[in-house]
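S.K.: Here is how the chains run, residue by residue.
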Amino acid sequence: MTAALRFDPIRLPPECEQLRKEVRAFLAEEIAAGTFDPHKPNREDTDVPEFSRKVGAKGWLGMTWPKKYGGHERSFLERYVVTEEMRVANAPTRRFFVADRQSGPVLLKYAPENIKMDILPRICRGEVCFAIGMSEPNSGSDLFAAKTRATPTDGGYLINGTKIWTSSAHIADYMIAIFRTSPPTKENRRHGLTQFLVKMKQPGIQVNPIGQITGQFEFNEVVFTDFFVPADHVLGEVDGAWKQATSELAYERSGPERFLETYYVLTELVRAVGKNPDTRSAEGIGRLVAQLHTMRRMSVSVAGMLQAGKEPVVEASIVKDIGTVWEQALPHRVRDLAAFVEETATNRETLEDQLSFAIKTAPKLTIQGGTTEVLRGIIARGLGLR
Amino acid sequence: MAESENIVAETAEKIFADLADAQTINRDKEGKWKGPLWKALTEAGLPLAWVPEDCGGSGASLAEGFGVLSAAGRHAVAVPLAETMLAGWLLAQAKISSPDGEMTVAPASPRDRITVNADGSLTGKARGVPFAKAAKHIAVLASGNGGLQIALVDAAKCRIEAGIGLGGDQSDTVTFDKVQPVATKPAGKGFDQTQLMLMGGVARSLQIAGALESMLEISVRYSNERVAFEKKISKFQAVQHNLARLAGESAAALAAATSAADAIANATAFNDEVFLEAAAAKIRCSEAAEKGGGIAHQVHGAIGFTIEHILHRYSLRALAWRDDFGSESYWAVELGKLVANRGADELWPLVASR
Numbered sequence: 001m002t003a004a005l006r007f008d009p010i011r012l013p014p015e016c017e018q019l020r021k022e023v024r025a026f027l028a029e030e031i032a033a034g035t036f037d038p039h040k041p042n043r044e045d046t047d048v049p050e051f052s053r054k055v056g057a058k059g060w061l062g063m064t065w066p067k068k069y070g071g072h073e074r075s076f077l078e079r080y081v082v083t084e085e086m087r088v089a090n091a092p093t094r095r096f097f098v099a100d101r102q103s104g105p106v107l108l109k110y111a112p113e114n115i116k117m118d119i120l121p122r123i124c125r126g127e128v129c130f131a132i133g134m135s136e137p138n139s140g141s142d143l144f145a146a147k148t149r150a151t152p153t154d155g156g157y158l159i160n161g162t163k164i165w166t167s168s169a170h171i172a173d174y175m176i177a178i179f180r181t182s183p184p185t186k187e188n189r190r191h192g193l194t195q196f197l198v199k200m201k202q203p204g205i206q207v208n209p210i211g212q213i214t215g216q217f218e219f220n221e222v223v224f225t226d227f228f229v230p231a232d233h234v235l236g237e238v239d240g241a242w243k244q245a246t247s248e249l250a251y252e253r254s255g256p257e258r259f260l261e262t263y264y265v266l267t268e269l270v271r272a273v274g275k276n277p278d279t280r281s282a283e284g285i286g287r288l289v290a291q292l293h294t295m296r297r298m299s300v301s302v303a304g305m306l307q308a309g310k311e312p313v314v315e316a317s318i319v320k321d322i323g324t325v326w327e328q329a330l331p332h333r334v335r336d337l338a339a340f341v342e343e344t345a346t347n348r349e350t351l352e353d354q355l356s357f358a359i360k361t362a363p364k365l366t367i368q369g370g371t372t373e374v375l376r377g378i379i380a381r382g383l384g385l386r
Numbered sequence: 001m002a003e004s005e006n007i008v009a010e011t012a013e014k015i016f017a018d019l020a021d022a023q024t025i026n027r028d029k030e031g032k033w034k035g036p037l038w039k040a041l042t043e044a045g046l047p048l049a050w051v052p053e054d055c056g057g058s059g060a061s062l063a064e065g066f067g068v069l070s071a072a073g074r075h076a077v078a079v080p081l082a083e084t085m086l087a088g089w090l091l092a093q094a095k096i097s098s099p100d101g102e103m104t105v106a107p108a109s110p111r112d113r114i115t116v117n118a119d120g121s122l123t124g125k126a127r128g129v130p131f132a133k134a135a136k137h138i139a140v141l142a143s144g145n146g147g148l149q150i151a152l153v154d155a156a157k158c159r160i161e162a163g164i165g166l167g168g169d170q171s172d173t174v175t176f177d178k179v180q181p182v183a184t185k186p187a188g189k190g191f192d193q194t195q196l197m198l199m200g201g202v203a204r205s206l207q208i209a210g211a212l213e214s215m216l217e218i219s220v221r222y223s224n225e226r227v228a229f230e231k232k233i234s235k236f237q238a239v240q241h242n243l244a245r246l247a248g249e250s251a252a253a254l255a256a257a258t259s260a261a262d263a264i265a266n267a268t269a270f271n272d273e274v275f276l277e278a279a280a281a282k283i284r285c286s287e288a289a290e291k292g293g294g295i296a297h298q299v300h301g302a303i304g305f306t307i308e309h310i311l312h313r314y315s316l317r318a319l320a321w322r323d324d325f326g327s328e329s330y331w332a333v334e335l336g337k338l339v340a341n342r343g344a345d346e347l348w349p350l351v352a353s354r
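Residue numbers (our numbering), protein chains in the order written: chain A, 1 to 386; chain B, 1 to 354.
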């Protein structure tokens, strides 16, 4: 075995508790003002630009980034608190979530100064939406089989090909995508892909919405036809995207969004069973809460280790593996228990609506952002099996 | 406290490595290893780690003692170390000095009750008391007219029906038939049986998590050695994914148990947040014992099912430890009641409180 797994019992520092109060107060105001309904995760429109700008104005976007780019130089644990409170409230985070979690950090690391100065402050103000262009019709989990070409031309590259399952592409201002700049080599099949910043909403890009089994239209097919990308929009090393793709994954994999996606059905079940549950309901709820608590402690632990400069790559993959498997099963377990809820429970209809949506959402949870199979492969590698 | 900074746990780890090697123990059918191990643990002051110096112990912190229990779990130690530590801790709650030698605690189940009679003697029955037969003394939590009392009892004065638990360790029924304790004092203000059960439950959680760490380690090692279908079985994706799941169970148990231990070690009051930590740890670790242990056996195949192989030392003990101080189903009911009673909108604040 390479190294023992570590989950230090990290506690959130006191400044997080003050922040949590502020976030809760803000969300309560927004709910009262009708910006969103926390009981309706299945609402049609999850893109609320005005909400995004308000969150930016609060200083809750780009929280950990340098101040010169509009960031706030706060800790990952503070960002963690904001993220989990938003998620639990079912706040409409679609517009800013990807930019804040993933795209901004990539730009910080690899974009030229002028682009950083241009885009990062706008992310921090909640003004821009990002998409991630990874999957293609014939390459999903096998990321490095991507074929969409970036061909050198005067002053930049011409892009031709198709990305697919691209969340938010229909509203996004930018996409960070990987395109093929060279063929793979015999020695390294991951060679030849380059990361690019793409400005959306321009000629040469066609975004075709794809309906999901939930009835929503969140992901898209994105077709590039002789689309021009300037040379300074290359992010990092040409042909070397594979070296860059893995370093941020620990942040992406272990956050609260990896086990809280269907949390709302548990709250609603607790509401439905009332103050004096029967033994079966009590046991069921107790087991679910024990899992939830454990997942959160694991996730906070990884956040704390990241903040301390450690690289808990395997631990982060484990959090996503068991977190997503759990949140996928959660609506089904809640359904088991909901069968015994009294007819008189006042929120019965809300619970049933939520269950219906959560059960339809469930299959995607172990696919998006790295399938269970891919994650277990990474964990197996960390264990010294591959 | 990080384990690397825990010199007490490091001492324990070294003693176990020297004197409780799983392979050696497994071959020793007469239990000759027990004497030297207990002597070394005693000389290092570990059984009475949680007893203040003025009560005859070595005055280690709760965090240091919890580290010892993790190490004990990693070695699936089958001497009453955890039990003596818990007994010493319980006695210290009432400032009763701890005697030398092995001890255990009663009750060891949340449903058993011992009562203090008017003459100060104890009556009642405690089932599934670990290592009662091996113990010289029993630390007892009992209720009387004057409220909860903590008593030190000479084990020889009790009727002890020997039993063997799932892991092969003693799990006995102790009957107190008007037994006069060596000492009795009121339990500290606010102390109750739930706290004793949860403290025991966290001890068992740490032991289970430790056993799972070892099960993961030996399963990974075995999969890298065993050849089938002309390659190491670790190269089969099905095996890799099973081991990844075992790592997940081990990780969840470790995180839940160490978090609960940290919560208790730093608690200023025994509130709902501490209850959540401790109950959740026992529930999650017990579930992990089943799922993780099952995978460890699956990876080992038939050899892991033999008495000669060391796997059962970990897998069966982890399963047995689920039953002590309240099973996962018991604590799930209690936790579910607590959550329901607080109400739906108080669930997230409880979970996010730390």
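In short, the hints are calculated from the structure, not lab data.
We put the CB at the ideal spot given by N, CA and C, even for glycine.
Please note that the accuracy of each hint is not assured.
Below, in silico cross-link-like pairs of lysine-lysine (DSBU-like), each with a Cα-Cα straight-line distance of 35 Å or less [said to hold, decoys possible]:
#	chain 1	residue 1	chain 2	residue 2
1	A	LYS310	B	LYS235
2	B	LYS232	A	LYS243
3	B	LYS235	A	LYS147
4	B	LYS39	A	LYS275
5	A	LYS364	B	LYS232
6	A	LYS21	A	LYS67
7	B	LYS29	B	LYS14
8	A	LYS40	B	LYS125
9	A	LYS310	B	LYS291
10	A	LYS68	A	LYS186
11	B	LYS189	A	LYS186
12	B	LYS189	A	LYS21
13	B	LYS291	A	LYS275
14	B	LYS235	A	LYS364
15	B	LYS231	A	LYS275
16	A	LYS109	A	LYS201
17	A	LYS21	B	LYS29
18	B	LYS29	A	LYS364
19	A	LYS360	B	LYS178
20	B	LYS337	A	LYS360
21	B	LYS235	A	LYS186
22	B	LYS235	A	LYS243
23	B	LYS14	B	LYS39
24	A	LYS275	B	LYS189
25	B	LYS189	B	LYS232
26	A	LYS310	B	LYS232
27	B	LYS235	B	LYS337
28	A	LYS310	B	LYS14
29	B	LYS291	A	LYS364
Only part of the chain B face toward chain A is listed, based on derived beta-carbon distances under 7 Å [claimed, not checked]:
#	residue
30	THR258
31	ILE310
32	LYS337
33	VAL351
S.K.: Which numbered hints turn out to be false for this structure?
M.R.: When the structure is compared with the hints, numbers 4, 8, 10, 11, 15, 17, 18, 19, 25, 27, 31 turn out to be violated.
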